[in-house]
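Chain order of the listed sequences is A and B.
For the first sequence, position 146 (counting from the first letter as 1) is numbered 146 according to our numbering, and the numbering increases by one without interruption.
For the second sequence, position 249 (counting from the first letter as 1) is numbered 249 according to our numbering, and the numbering increases by one without interruption.
I should point out that these hints are in silico values taken from the structure, not numbers from a laboratory.
This one's a predicted model, so the numbers in the text were calculated from it and none came from an experiment.
Don't be surprised by glycine CBs; every beta carbon is placed ideally from N, CA and C.
Be aware that a few hints might be false.
To be verified - Beta-carbon label-pair distances, calculated as ranges:
| id | chain 1 | residue 1 | chain 2 | residue 2 | range |
| --- | --- | --- | --- | --- | --- |
| 1 | A | 28 | B | 40 | 53 to 63 Å |
| 2 | A | 92 | B | 180 | 36 to 46 Å |
| 3 | B | 58 | A | 222 | 53 to 63 Å |
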Amino acid sequence: MRIPPKHTQRAAVLVMGLATLFTLAILVFIILFVLEKGLPVVSLKFLFTNPQDMGKSGGILPTLVGTILLTLVAVAIATPLGVGTAIYLTEYTRESRITRIIRFGADCLAGIPSIIFGLFGFIFFVTILKMGWSIMSGGLTLAFMILPTIIRTAEEAIKAVPNSYREVSFSLGATRWETVQKVVLPSALPGIVTGIMLGVGRSIGETAAVIFTAGSSLRMPASLMDSARTMSVHFYILAREGISTENAYGTAAILVITILFINLTAYSLMNRFVAKNN
Amino acid sequence: MSNKIEIHKLDLHYGKFQALKAVDMPIRERSITALIGPSGCGKSTLLRCLNRMNDLIAGVKVKGRVLLDGQDIYAPGVEVPELRKRVGMVFQRPNPFPLSVYDNVAYGLRVAGLRTRARTAEIVEKSLKGAWLWENLKDRLDSPALELPLDQQQRLCIARLLAVEPEVILMDEPCSALDPIATMKVEELMMELKKDYTIVIVTHNMQQAARVSEYSGYMLLGDMVEFGLTANIFTNPADPRTQDYITGRYG
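Using the sequences and the hints, build the whole thing.
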């Protein structure tokens, strides 16, 4: 018996629609769950006071500062390295064995579990380079961890810039670097920003790599060479050592809100940028 | 009138494939020279040798000489970006940047390092006037170039080129994406531009070559079969292969 195409079409649409709905439902469920458990604890005081008694009471201010600083260091290091590599691979080299090896290396790097990065960071930055448990050690480790993502997304974004733009630019007497600066990068910017945002998200959410390299000090960091605890690490320690479930969920709620906020800001900035250019 | 460009024994290989075979051709100053011939005959390749755009393609080897005002543009030490400022190009499809009208025309000036606003504005206006767009667009300089109709986009590309003050304008089938009325407008513009510029045009359209050009070169499979006054080539071709093409026996 043959099922008429009209019915298989309808079934396919139904199945895919349900899959989409299910995905969305999981996301909404997780966010609501965390917010429902965490929001009752959250207040301005929770955000802007120091923790007391290992985090059993008091706020999360140092972990908020630690998260921001660590992420900034990671992104500030990984962005120029990653975008630079992507520009070099796409604009300055022809496809060859070497570019394939570099790309393969970046892909492998992307697949390494974060705890391995943590171990590497601990041995290399903390111990050998004697940087100690510090925001710098953690930021460098995270930078290496997010580098492949930034390289690959930037590369795809740069490749997607129509070749005719480059051609015209050259034909008007621009050098390759002028062309990259004035034509290629502006057109590729939304894609590059997406890659950076993915890196920011991973940095904020990371625990394993951070605990080994930035430590878990609850004091307010005074410099980038101080140890710091990020919100994710704070959450992990509060929950794992049974210090305070309420404050753990409070921290989780702030984490989720931060990530949502960053993503929304990035999207709206990008939309505004795209609208301005088209 | 003197020769702006002289091409001597120009060979070009794409890897093992020879796309140009010992091409010789003069290009007269302040005139329009047309390159005609069937698809794949090498006319676009030849055009792109004149501003070294072929350098961008992997595996291209060029032999021979191309003299611009007597200087070989393939000589070692030639600054290619500087060459391209002198020998500009209009492409087959209108290809404005996804920027405003103004920023498109100002692009070449910014690349050249011109920073003062007043001077830039002055040149943008002059260039748009030169491409007969000023009256249409003077109140819409901020609007996105990609929203213009195709023929205005193509003339905007010409304005963008005029802004860098080239001496030679290469046109690679500039009307193939345009309708007949827009084509006519661009052709009229070319007749105006040749008073100040040397123009080389590649075209599939023989009527177009006959209408606009003083000189024509007929190419076939990488050979320059015949070069001369357009009037002679179209009415009294010396080579039977040209005759076949002109009369539409093939191509």
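Hints, verified against the model:
no., hint, verdict
1, A:28 x B:40: 53 to 63 Å, "holds (58 Å)"
2, A:92 x B:180: 36 to 46 Å, "holds (43 Å)"
3, B:58 x A:222: 53 to 63 Å, "holds (54 Å)"
In this structure, none of the earlier numbered hints is contradicted; all agree with it.
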